[in-house]
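Trainee: Which chain is which? The protein sequence lines are A and B, in order.
Just so it is clear: in the first sequence, position 123 is 123 by our numbering, and no numbers are missing.
Just so it is clear: in the second sequence, position 88 is 88 by our numbering, and no numbers are missing.
Hints are not guaranteed to be accurate.
What follows is a list of derived Cβ distance ranges for each label pair [unchecked claim]:
#, chain 1, residue 1, chain 2, residue 2, range
1, B, D225, A, R353, 52 to 62 angstroms
2, A, F337, B, R74, 50 to 60 angstroms
3, A, R355, B, A170, 51 to 61 angstroms
4, A, M354, B, T73, 56 to 66 angstroms
Worth flagging that the hints you see were computed from the coordinates, not collected in a lab.
If you're wondering where the values come from, they're calculated on a predicted model, not measured in any experiment.
Note that the Cβ used here is the ideal one computed from N, Cα and C, for glycine as well.
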Amino acid sequence: MTTSVVPPVPKRGFGYWLKKHFFSTWLNSVITVLFGALLIWMCVKLSNWAIFDAIWTVDNKEHCGHGAGACWAVIQDRGRLILFGLYPYEEQWRSTLACLIVILTIGLSCLPSLWSIKKLPTLWVIGFGAFVLLMRGGFAGLPLVTSEQWGGLSLTIFIFSAVFVLGMPLAVVFALARRSSLPVIAKGTGLFIDLVRSLPLLTILFAAAVVVPLLVPDWLEGNKLGRVVVAFAVFFAVYQAEIIRAGLQSTSQGQNEAAAALGMPYWSLVVDILLPQAFRNTLPSTINQAVITFKETSIVTIIGFFEVMASGNAAIGGGEWTEQFVEVYVFLALVYFVFVFGLSRYGAWLENRMRVGHA
Amino acid sequence: MRETAISVKSVDKYYGAYHALKGINLEVPTGQTLVICGPSGSGKSTLIRTMNGLESIASGQLEVLGLDISDDTRNLDAVRKRVGMVFQNFNLFPHMTILENCTLPQIRSVGRDRAAATVEAMDQLKKMHVDIHAEKYPDQLSGGQKQRVALARALCLKPEVMLFDEPTSALDPEMISEVLDVMQELAKENMTIVCVTHEMGFAQAVADSVLLMADGEIVEQGTPDQMFNNPQSAITRQFMDVVKK
């Protein structure tokens, strides 16, 4: 007979916890009180500015700036410009719908049950196809809107997801090529990766937008947005390739030997055994790279695309709302925060889920 | 039926300048169990790994199930589908469940459909007494259980030859017998087995032949009785004295 031993339950309440972490010594108590007061003061100031003293509607616009809080009227007035850029006003429902379709596609591809070699590409072909058709129009009574007029949030999300979706398979190819047993391929890929990495993103995008049309025949030129997305995807891929290569190197040689001894073909070793392990081993770096890429999309402004950041600048540029730049940037920051924070939480969830199989 | 499962003729192998296998000659008759032993660095693991082409050879002739794999890698795929191997460190796929570990190779190597592969996998897992763990991941199992899963995974492909490369060396002492037991059952079913091991109890119980290697050469080969009780070579005598303790 064994008697079960119950571990002692510590009877320590909130007071104990507070004392242990914040008031353990006189010095700590003083620091706690000082910083506590500062924190409360800041919170009060911020909530007064952002909520209680804020001006919310354009009708009260004349009160803006005269000692009042935030002037959110600018968002009411210029919100559409920020979210849709130069997209024609009457057609902005199309941009909204297209944006929602891409967000839905991203959401669906986050579900591990859809991760198969057939389902994911199908999903993205449909998602991007619907996005481009809706945004571009020119059929069934929808007026044509060329990609030069696309802008705002839907452009940001389109560029990000297109870069990610094109760049990821490319990164896998680069990573495998760099590990190839053929020296020409391995060295060549290594040189290419190092070359692209040593160029600034700005230069690459500028070259894609401006220099490529001078060099290639017309039929190969494509449109500017397409060229920029492809160039951005290559830039993303060379970084991601190194992350994946690190993941591949962290799998043990025993995995290769087991697959070989079982007569499994090379492609199966790569697709079924090595890549899944490489991706889970490098998930934090991959999420990191995705976050950086999302934020870097704002750089396409330079070559004349009005993504959400540039549209925000345009919103305060008109003269009427020049003083409300803080409100506009806070709004933009919130837009970025929603996406980047969502991405990070998804990464954490994925990591937790994978840990089950990887104790 | 072919009488010789594996035939090794004057095989040499180098790691750089190091001469790992020196003119090895060996025949493994079909249905028999050969145990290879020897001090570490003697080349026994290298030898067994040449038998399914995990190590290439520099010269000599190597035939497995009638297929020449000396320098013709085209036969390698065919040989690997018919020769199973169990490793010291199990080498299970950590991101897949036990069941998936057993079904995937069947699907990828011999093109079995998933339903048939699952039936076969559960059957083999049951024989190895690990079927209750089918939905678990390798890291949730003990070493002995992992090695039995690795054996089940190999047996799902219905191999004609099984290679064991120190299958119990990474196990805690209390788990060694559970692995040796299932290996003994396999030997009694007349599977052709080549096993690198120091478990002389296993050799005594089921081996048809025991081979001692030292310094890349075969020192002596004979029945277990000969090798344990009447070794001809001084090296064998010395080695047996050590492992018998």
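Trainee: Now tell me, hint by hint, if it's right for this structure.
Mentor: To see whether the hints hold, each was checked on the structure:
no. : hint                                : verdict
1   : B:D225 - A:R353: 52 to 62 angstroms : holds, 56 angstroms
2   : A:F337 - B:R74: 50 to 60 angstroms  : holds, 58 angstroms
3   : A:R355 - B:A170: 51 to 61 angstroms : violated, 24 angstroms
4   : A:M354 - B:T73: 56 to 66 angstroms  : violated, 36 angstroms
In summary, the structure is inconsistent with hints 3 and 4 from the numbered list given earlier, while agreeing with the others.
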